[in-house]
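Produce the entire structure from the sequences given, and follow the hints as far as they go.
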Amino acid sequence: MARAQSPRRRLIATLAAWGVALTIFFPVLWMVLTSFKTEASAVAMPPELLSADWTLENYAEVWQRSDYPRFFWNSVVISIGSTLLGLAIAIPAAWSMAFVPGKRTKDLLMWMLSTKMMPAVAVLIPLYLVFQRIGLFDTKLGLILALMLMNLPIIIWMLYTYFKEIPAEILEAARMDGASLWSEIVYVLTPMALPGIASTMLLNIILAWNEAFWTITLTTTKAAPLSAFIASFSAPQGLFYAKLSAASAMAILPILILGWFSQKQLVRGLTFGAVK
Amino acid sequence: MGKIQLTQVRKSFGEVDVIPGIDLSIEDGEFVVFVGPSGCGKSTLLRLIAGLEDTTSGTIAIDGKDATTLPPAKRGLAMVFQSYALYPHMSVRKNIAFPLKMAGMSESEQAARVERAAKVLNLTSYLDRRPGQLSGGQRQRVAIGRAIVREPSAFLFDEPLSNLDAALRVGMRQEITELHQSLKTTMIYVTHDQVEAMTMADKIVVLNAGRVEQVGSPLDLYHHPQNLFVAGFIGSPKMNFLAGAEAAKHNAATIGIRPEHLDIGAGGMWQGTVGLTEHLGSDTFLKVTLDSGEVVTVRANGDVALHHGDRVALSPQASKIHRFDASGKALA
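If you read the protein sequences in the order shown, they are chains X and Y. Numbering (my numbering) for the first sequence: 1482 to 1757. Numbering (my numbering) for the second sequence: -9 to 322.
Rather than coming from a laboratory, the hints here were simulated on the basis of the structure. Wrong hints could be hidden among the right ones.
Unchecked claim - Capping the alpha-carbon separation at 20 Å, the derived lysine to aspartate or glutamate pairs in EDC-like fashion look like this: (1) Y:Lys228 with Y:Asp253; (2) Y:Lys228 with Y:Glu268; (3) Y:Lys174 with Y:Asp53; (4) Y:Lys193 with Y:Glu17; (5) X:Lys1584 with Y:Glu43; (6) Y:Lys64 with X:Glu1542; (7) X:Lys1584 with Y:Asp44; (8) Y:Lys84 with Y:Glu99; (9) X:Lys1584 with Y:Glu5; (10) Y:Lys310 with Y:Glu250; (11) Y:Lys84 with X:Glu1650; (12) X:Lys1645 with X:Asp1588; (13) Y:Lys174 with Y:Asp281; (14) Y:Lys(-7) with Y:Glu141; (15) Y:Lys239 with Y:Asp281.
Next comes the structure, spelled out in C-alpha cells:
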C-alpha cells in the first residue's frame, strides 16, 4: 500500500533534498565560477560569489601554457583501456564465481574487497620501483595495468552481483543447446547482463578518470592524464586559483558530460537486483 | 535412435547419497516418466542423463556408447526446463534457431527448420516476438520448439508444465503426447504429478529417496504395485490401507483397496459413518470413518445421495484387494 504523504511533508523533503544536492554541488559550482574570475577577484576577501569582471583569460592561458589535448587523450586511453582490460578479466572471473562457486568463493570475494581497504600508499614504493625496473613508469600501458588492478575487485564484485541475478537454468539450456563456454558467455550471459556490464563500465571509467594518486605518482610527462594536468597548476610560486579552477573545469568537463548522459544507466545499474 | 542405459548410476553431494545406485533401461522411442515426491532424486537423475551433473560412479550409455563423461552438447539430447529457460534478449525465431547456430548450420537450413518447428507448434505468427511478450503456454511451446529443431535422439522434460495453470496443463499434456506420437523419439519426462505420469507414459519409473521403487506401464503399476509406496503413490485418490485385524483376515500385515473398488450397499462387511463429501460432478469422494476407527476414501457416482453423518456399509471387491507384508512388499 502506498504511504500517504502530506503536501507539507513533501515540501520539507523536497527542500531537504535540494539542500543536500546543492551542498554537494557547491564546490563544483564555486570552482566553475572561480574559473571565470580574475586572479585578484578569485582571492578577494570577503569571497565574491559573482565577480564584477568576468573573463575567459584563464581558459586561454591554460590552453596556451599546456598541451591539454595530450592530457585529455591520455585520460581517455587510460580510463577506457583499464576498464576494458578489467572487464575482459572480470567477466570470466565473475562467471565462475557466480555459476561454479567453490567452497572458498565467498572468502575470495571478501579478500578481494579487503584489498580496497588497504591504503594505496602502502604499495607505492614497491610499485614505483617495479614500474621503473620493467619500463612501465610514465607509460600509458603502465597506468592501464595499475588502474585496472586497483579497480578489478570492484568490477568483479559488481559483475558477480549482476550475474547472480541470471537464472542458472538459462545457461544450462545454452549448454544443452551446444554452446561452448565462450559461446555461453558471449551469446547468452553478456547480452543478459548488459545493463550491469554497462553501468560497471561507466562507473570504472569515471573512477579511472578521477584517479589522482597513481596517475600523478607513476607519470611525469609522457603518459600524464588530466589529474596530472590539474596538479601541474599548483606551482611552487603559489596557487593561482582562477587558472587552477579553469584547468580543473576543463579536466572534469568530459566526464561530467559522460555522467550526465549516462546517469539513467548508472542508477539503473547500481540498483540492479536491489528489488526482485 | 534413443536408447539410454543406466548402470549402477550413483550421485552424492558431499556426504549425502542422493541416488544410491540405479540400473535402468530406456528403449528407443519410449515415453518414460520419472515420478516421485519432491526430493526423491528424479530431477537429479534427469540432469545426470543430460550431463548437467556429473555422476559419482556408474555409467550412462546413449545408443550403446558410453556418455558418462561427455559434455551435455555432445550427448545428442535436448532438454525442456521447468522455467522454460528461454533467452529473453532473443526473438522466438532466434531462440529456436540457437542450437542450430551453435551446431554451425547454414542460415537457410536454420530458417527452414525454424519454420517447420513453428508450424508444428503453432508459433508461426509469434516468431518475431520476444519471450517476454508471450503467454506461459506459448513460452513452453518455444522451449519445445528449441528442443525439436535439433532432432535429438531423446528429449528430456523437467517438470515442464508446473508453471502453467490447470487448463493449460491439460492442453499441453495432450500436445506433448501427440508430439511424441508423431516424432516417435525417446522422451524422458519428470513430474511429481502422478496424473501426468499415468496419462502420458509408456513406462513409469517410480522413485523414492533416490531408489527405483518400480518400473512398469501405467496400468501395471495401478493394478500390480510391488510395494506400499507405489500403491499409495499411483492412483488418485490414493489407495486406502488397513492394518491390524482386517489385514490379518487376509494373511497380510497391511491390505490396500482403491477408492473405486469399494462398493456401497446393504450387507457390506465394513460399517462406517460418512464424514466429508466432495462432489466433482462425475464422481463423489466420500471420507468414511469405519467403526474400527480407520478412515477410508470411497469413489461413488456423481449423484450419490449420501451426506455427512449418514451410516454406510462398504464392501471391498475381493479381487481388487492388495496384500502387503510387514516390510511393505506386495504379497502374491
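Hints, one by one, checked against the model:
1. For a cut-off of 20 Å, the pair hint linking Y:Lys228 to Y:Asp253 stands: about 16 Å separates their Cα positions.
2. The hinted pair formed by Y:Lys228 and Y:Glu268 meets the criterion: a straight-line CA distance of about 15 Å does not exceed 20 Å.
3. For the given pair, Y:Lys174 sits about 15 Å from Y:Asp53 by alpha-carbon distance, which is consistent with the 20 Å threshold.
4. Of the pairs offered as hints, the one joining Y:Lys193 and Y:Glu17 holds, with about 10 Å between alpha carbons and a cut-off of 20 Å not exceeded.
5. In summary, the hint linking X:Lys1584 to Y:Glu43 is supported, as the alpha carbons are separated by about 17 Å, within the 20 Å threshold.
6. Taken as a hint, the Y:Lys64 and X:Glu1542 pair is broken in the structure, with Cα atoms around 68 Å apart against an allowance of 20 Å.
7. Between X:Lys1584 and Y:Asp44 the CA atoms are separated by roughly 18 Å; this keeps the pair inside 20 Å, and the hint holds.
8. For a cut-off of 20 Å, the pair hint linking Y:Lys84 to Y:Glu99 stands: about 13 Å separates their Cα positions.
9. As the CA atoms of X:Lys1584 and Y:Glu5 are separated by approximately 15 Å, the hinted pair is consistent with the 20 Å bound.
10. At roughly 10 Å between alpha-carbon atoms, Y:Lys310 and Y:Glu250 fall within 20 Å of each other, so this suggested pair holds.
11. Between Y:Lys84 and X:Glu1650 the alpha-carbon distance is near 18 Å, which keeps this suggested pair within the 20 Å criterion.
12. A hinted pair counts as satisfied when its Cα atoms are at most 20 Å apart, and X:Lys1645 with X:Asp1588 qualifies at roughly 17 Å.
13. A threshold of 20 Å between alpha carbons decides the hint, and for Y:Lys174 with Y:Asp281 the separation of about 52 Å lies outside it, so the pair is violated.
14. A distance of roughly 15 Å separates the Cα atoms of Y:Lys(-7) and Y:Glu141; the hinted pair therefore holds under the 20 Å criterion.
15. Distance hint between Y:Lys239 and Y:Asp281 is fulfilled; the C-alpha atoms sit about 17 Å from each other, no more than 20 Å.
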